[in-house]
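Asks: Line order of the protein sequences matches chains A and B.
First residue of the first sequence? That's 1 in the UniProt record's numbering, and the numbers climb one at a time after it.
First residue of the second sequence? That's 1 in the UniProt record's numbering, and the numbers climb one at a time after it.
Check the hints yourself; a few may be wrong.
The list makes no distinction among identical chains, and a pair is therefore deemed to hold if it is satisfied within one copy or across any two copies.
To be verified - Okay, derived cross-link-like pairs now, DSS-like style, lysine-lysine, Cα gap no bigger than 27 Å in a straight line:
1. Lys109 to Lys65
2. Lys176 to Lys256
3. Lys245 to Lys86
4. Lys25 to Lys256
5. Lys137 to Lys25
6. Lys137 to Lys256
7. Lys256 to Lys106
8. Lys86 to Lys176
9. Lys65 to Lys137
10. Lys21 to Lys176
11. Lys21 to Lys137
12. Lys86 to Lys248
13. Lys68 to Lys106
14. Lys68 to Lys25
15. Lys204 to Lys109
16. Lys204 to Lys106
17. Lys147 to Lys25
18. Lys164 to Lys86
19. Lys256 to Lys68
20. Lys65 to Lys176
21. Lys86 to Lys68
Think of the hints as simulated: they come from the structure by calculation, not from any bench.
Number of protein chains: 2
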Amino acid sequence: MNNHEAIGFIDSGVGGLTVVKEALKQLPNERLIYLGDTARCPYGPRPAEQVVQFTWEMTNFLLEKNIKMLVIACNTATAVALEQIKAQLDIPVVGVILPGTRAALKATKNNRVGVIGTAGTIKSGAYEQALQAKAPKTIVTSLACPKFVPIVESNETHSSVAKKVVSETLNPLLLKQLDTLILGCTHYPLLRPLIQNVMGNQVKLIDSGAETVSEVSMLLDYFDLANSLQKKQLSHEFYTTGSAKMFKEIADEWLKLGTLDINQIRLGGTHIE
Amino acid sequence: MNNHEAIGFIDSGVGGLTVVKEALKQLPNERLIYLGDTARCPYGPRPAEQVVQFTWEMTNFLLEKNIKMLVIACNTATAVALEQIKAQLDIPVVGVILPGTRAALKATKNNRVGVIGTAGTIKSGAYEQALQAKAPKTIVTSLACPKFVPIVESNETHSSVAKKVVSETLNPLLLKQLDTLILGCTHYPLLRPLIQNVMGNQVKLIDSGAETVSEVSMLLDYFDLANSLQKKQLSHEFYTTGSAKMFKEIADEWLKLGTLDINQIRLGGTHIE
Chain A
1 MNNHEAIGFI DSGVGGLTVV KEALKQLPNE RLIYLGDTAR CPYGPRPAEQ VVQFTWEMTN
61 FLLEKNIKML VIACNTATAV ALEQIKAQLD IPVVGVILPG TRAALKATKN NRVGVIGTAG
121 TIKSGAYEQA LQAKAPKTIV TSLACPKFVP IVESNETHSS VAKKVVSETL NPLLLKQLDT
181 LILGCTHYPL LRPLIQNVMG NQVKLIDSGA ETVSEVSMLL DYFDLANSLQ KKQLSHEFYT
241 TGSAKMFKEI ADEWLKLGTL DINQIRLGGT HIE
Chain B
1 MNNHEAIGFI DSGVGGLTVV KEALKQLPNE RLIYLGDTAR CPYGPRPAEQ VVQFTWEMTN
61 FLLEKNIKML VIACNTATAV ALEQIKAQLD IPVVGVILPG TRAALKATKN NRVGVIGTAG
121 TIKSGAYEQA LQAKAPKTIV TSLACPKFVP IVESNETHSS VAKKVVSETL NPLLLKQLDT
181 LILGCTHYPL LRPLIQNVMG NQVKLIDSGA ETVSEVSMLL DYFDLANSLQ KKQLSHEFYT
241 TGSAKMFKEI ADEWLKLGTL DINQIRLGGT HIE
């Protein structure tokens, strides 16, 4: 089948670009449309109902672009909104929590798995429940890292402040004998070198986003939606509710796609700078 | 969700047990029902219409057992019957060809991929088409190995005859500079050490069955069918249309599940010994 419709990705900000980067690698024939709700980022500290509402607003924006599959590339939104969005849409909808869970259970040898995420994700207990439903013997240590997303969104991942914040935040995990740590927020792979450095090389970091793209690839096949035609130039689209300039700086550095055209849009009651 | 219904596996004979072995490892909470059409094995040389008919007979037998998902753990049957069975059933149906294809494309570095399978699978061109649709630059070398299944079904994988047959059959592949070889028949992992020895350690062997179980795991989550309750004793069921004794010898050695109860059944016009 040659389906020229795009795969849609939504996130609270730039974090989902770590998923897009994997998609560009694993699914070179697919056209991607990305929307980051940067103006209202972070989602982590917001009440669940509000995250659900914002996630629907993003979803509706992409549905008008006629996407063939939706990836909720945001752990906070997946935790609170995946189930109802998946139930109501007639295209496949994929979240980032179950792929990360499966990968962590495959990776751990000592059954001691850590999860780091936003306050919203950790409070939802979504990873903990998924891990223990599949493997009840897993000892799960969860830790909210509310300072990480703002560092990524302000493009300060290379700063000395970032290094200090990551080190101090993760300190409580060091005595837990973890052999596997789930990066339960799509922003965190942008801090990966700092996180790996603090945790040590013996801890395997699970990038939920990369795992999610394997699920997307499988579902494209399963639902016969994969684009088999390798086109010369795929026109990916990027949208943000916030500053296009800041978004572009991070996207250019992370995706290395050459000159990206970033479009600023308005969602719901979003205030644009 | 706790769904106590089983996952069904069908194969022309004992080959699908290589998929079951992976399922026991990756999906310890799931109950499995297996049917091998040993009496009519091999399927490889049979006309496509007949393979389709036999596959439906196996499918109908398992549907009466109220399975929640069907795995066509046979490449020959997947190649000719997956599409129509998937279209007509209201439970998820998984074949072994696309998982193997995705894994091979992930593994290859030089884009030279080999495929070995039964005459039926190779003649269908299913792997070649799937590989080239996804990655048009792939150079695919396909080879039918009609003597492999009879060796496995007669439990002669450790014999000197097996060694000689594998070596002679695979000889034409040695000059093709393959870095990846798809074991495009679920019987072949039982010959894996012999195949690896002939091909050399630089060639990565792709076990379609193992890859298929990752897809099953993902679809169980996607369709909310995973069994989250770890029961003390799962009563897996095994059926064959052929000799229960011969089937048991191979299954016991391969699965190491302790004493297996193998039930002989009749399908369509199957003659039982």
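Asks: Now, for every hint given, state plainly whether the structure supports it.
Replies: Hints versus structure:
1. Lys109 to Lys65: neither (44 Å within a copy, 36 Å between copies)
2. Lys176 to Lys256: neither (37 Å within a copy, 35 Å between copies)
3. Lys245 to Lys86: neither (32 Å within a copy, 47 Å between copies)
4. Lys25 to Lys256: Answer is within; shortest intra-copy Cα gap is 12 Å, inter-copy 39 Å.
5. Lys137 to Lys25: This pair counts as between: shortest inter-copy Cα distance 15 Å, intra-copy 35 Å.
6. Lys137 to Lys256: between (42 Å within a copy, 23 Å between copies)
7. Lys256 to Lys106: Result: close only across copies, 21 Å inter versus 31 Å intra.
8. Lys86 to Lys176: neither (35 Å within a copy, 46 Å between copies)
9. Lys65 to Lys137: Intra 44 Å, inter 31 Å, cutoff 27 Å: neither.
10. Lys21 to Lys176: neither (31 Å within a copy, 33 Å between copies)
11. Lys21 to Lys137: between (34 Å within a copy, 22 Å between copies)
12. Lys86 to Lys248: This pair counts as neither: shortest intra-copy Cα distance 30 Å, inter-copy 43 Å.
13. Lys68 to Lys106: between (30 Å within a copy, 24 Å between copies)
14. Lys68 to Lys25: within (19 Å within a copy, 34 Å between copies)
15. Lys204 to Lys109: both (10 Å within a copy, 24 Å between copies)
16. Lys204 to Lys106: Cα proximity of Lys204 and Lys106: in one copy and across copies (11 Å, 20 Å).
17. Lys147 to Lys25: neither (29 Å within a copy, 39 Å between copies)
18. Lys164 to Lys86: neither (39 Å within a copy, 53 Å between copies)
19. Lys256 to Lys68: Cα proximity of Lys256 and Lys68: one copy only (25 Å, versus 44 Å across).
20. Lys65 to Lys176: Neither: 46 Å inside a copy, 45 Å across copies.
21. Lys86 to Lys68: Classified as both: same-chain Cα gap 13 Å, cross-chain 20 Å, threshold 27 Å.
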